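Q: Next come the chains, spelled out residue by residue.
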Amino acid sequence: MRQQLEGSQAVAEAVARCRPQVVAAYPITPQTHIIERLAQNVADGELAAEFISAESEFAAASIVLGAVAAGSRAFTASASQGLLLMTEVLFNIAGLRLPVVMVCANRAVSAPINIFSDHQDSMALRDTGWIQLYVESNQEALDTVIQAYRIAERCELPVMVCMDGFLLTHTFEPVELPEQDAVDAFLPAFRFARSLDPARPLTLGGGSEPDNYQEYRAAQHRDLLAALGEIEGANEDYAHSFGRAFGNGLLDPYRLDDAETVLLTLGSVSGAARDAVDRLRERGEPVGLLRLRCFRPFPAEALVAALAGARRIVVFEKALGVGAGGIVATELRAALHHAGWDATVGRGAMVESFVGGLGGRDVTAEIIASLFRDTAGSGMDCRFVGLNEGDDQ
Amino acid sequence: MNASEKKGALHEIRFHGRGGQGAVSAAALLSLAAFDDGFEAQAFPKFGSERRGAPVEAYVRISNRPIRSHTQVYQPDAVIVQDSTLLRSEPVTDGLAERGLMILNAEQCPEEAGSDGRRWLCVSADRISEDLLGRPLPNTVLLGALAAATGWVKLAALEQAIGSHLQRKGEKVVEANIAALREGHRVAQQQFQQQEPAS
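Protein chains in written order, with our numbering: chain A, 1 to 393; chain B, 1001 to 1199.
For the record, the hints were derived by calculation from the structure and aren't laboratory data. Keep in mind it's a predicted model, so treat the numbers as computed, not measured. Check before you lean on any hint, since a few could be wrong.
Stated by the list, open to error - Below, a sample of chain B positions facing chain A; criterion: calculated Cβ distance under 10 Å:
| no. | residue |
| --- | --- |
| 1 | E1040 |
| 2 | V1060 |
| 3 | N1064 |
| 4 | S1069 |
Using N, Cα and C, we set each Cβ at its ideal position, and we do this for glycine too.
Please model the complete structure; the sequences and the hints are all you need to start from.
A: Rendered as C-alpha cells:
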C-alpha cells in the first residue's frame, strides 16, 4: 500500500512489521518521532511489545542488549549526543555478537550544539563492530530496517540503519508499505541459539586474558567482513520479495557506465546528486554517482571494481576526521592503494576529498554539480564546501 | 526548459511562520492532499531547537515525477506568511517567482504589496481561526486560500488530509479546522473575483 508518510512514521511502520518484543529508547531530536510512533502503537495495542522509556541512552542500549541476550527481538533509536552516550554499550553489543537493530537519525555533534543533520555521530562509531547502512530515502529507510533484522540475526551482528535527521526523519514523502504476511515470510521469527535461559545456563560476556582476547577481536573482524555477502543477499532476496533493490546492497551506482568523473557520497544528498548528474549528462559531461550504502563492513573490493573505469574520483561526505581529513576518502584511498592504484605512476584515479553539509548546511544539486568541476586538490587533506567568506582562516 | 522542469517539480511552496502557528503541519497537510490528488509530493520543515514563537520555515514540492532531492526550496511559486511581523525580519520574498503568489495572514495588505508584479492575497486568518477554533491558528485558513488561489490541490483533498492528520485530536478539532479551511477558501475566492480570475 502506497502512503504519504513522515520518514519517522515510515520507519516505525517497518519496525512494527518486524514484530520486536522490546523497544527501549530515550528521546532526542531528530529521532523522537520514531519512538513516539512506536510508543503509540504499543499503547493502542497494535504492537505487542514491551515499550520501555529509559532514563538515558546508556540505559536504552543496555536494555536492548539484555533483551536480545534473552532471545527477544529488540529495537532502539538515537542520534548525536544520545548515540555517543550509548558508545560503551554499543561496543559490548557487537562484542557479544547480539543482533540488535537500531536507527541513527543522523545529527551533528556538539560543540557547538546543533540539532541538524550530518554524519559525524554514526561515523564516530565506525569502529564499534556494528554494521552501518546509510540510506537515501524514506522508502529505503523502511526497507532497510526490515533487511537489517534479517542481516543481524543471520550474522549474529548488530546493524545500525543511518538516516539523515530532518532531511528524512521529518520529511513527508510517498512510501510503499509492505504487507505483514510478506514481511513475516522474509523475516522468520527470531530463534537465538545462545539466549540466556535459566533452564540451560551459559555465560555471556565472560572475561578474556591476553592469551585469547586478540583472537576474539580477530574473529569479530573476520565475521564483520564476511557479513558483506549477507548484506548483498538480503538486498537481492528483498528485491525478489518486494520488487525493490538498492544497488547490490553495498554500493548503488547511478549512470556509472563510461563515467570519467565519479562522485562517491552517502545518504540523502544522493538525491540531489542524481539531479546534478542528469543535468551534466545532458550537456555531454561523462559523470556518474556511486552511493556508498554499506560503510561497515567496508566494501573495499566492490569499490575498487566499481571505480575501475574512473579517471577522477570525488568524495563528498558530511563528516570529518578532525585533524586528518575526510573519513570515507581516506578509507577509499587505502582500498585503491591496496589494489595497486597509484596516481604517481598514472595507473589510477586521484581521490579528491570534499567535506560539507555539516550541521545541516543545505547541499543543493548546484553545489554537487560544482564539485565535478572544482578540484579539492590531490593532498591528503579535505576541502570544505561552501565555507563562508573569511571564516576558513 | 521551463522553470518547473528545471526545478524538477510542478509547484514549490514555502511557508514562513512562528513556532506554534502550525506551519509545519500546514506543509504536511498540503503534501497529504497533493498525494491524495495523485501527485508526488514532499513536505519538510526547517526549525531550530523547539522554541515557540521563533521563525520557522517549511517546504512543499508537488510533482508529476518522483521527487529525489531533499534540499530546501529556493525558488517558490508561492509563499505563505503566517505572521505579518515576519515581513520585517525574514527574507520571505527571496526567490519567489516574478508572477508568484504571496499569501499573507493580515487584515489588510501592506502598501508595497503588488508593486513588484507578484500576486498578493491578504487573509484575516488570525480573526477567522479565533472565531472558528477559539485561538489564532492561521494554518488551515491559509491552506484554504492557497487552494482557491491556485487550484493546485482540491479542497476535498485538503479536507480529507485534515481528517486523517488531526484524527487523534478529536472530531471537534477536525470539524473546526475544516470550517476554517472552507472559510479561507471562500474569502480568497471572493477576493479573486473582485480582482482578476485566478490564472
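Q: Please go over all the hints and tell whether each is borne out by the structure.
A: Right, here's what the structure says about each hint:
1. E1040: holds (6 Å)
2. V1060: holds (9 Å)
3. N1064: violated (13 Å)
4. S1069: holds (5 Å)
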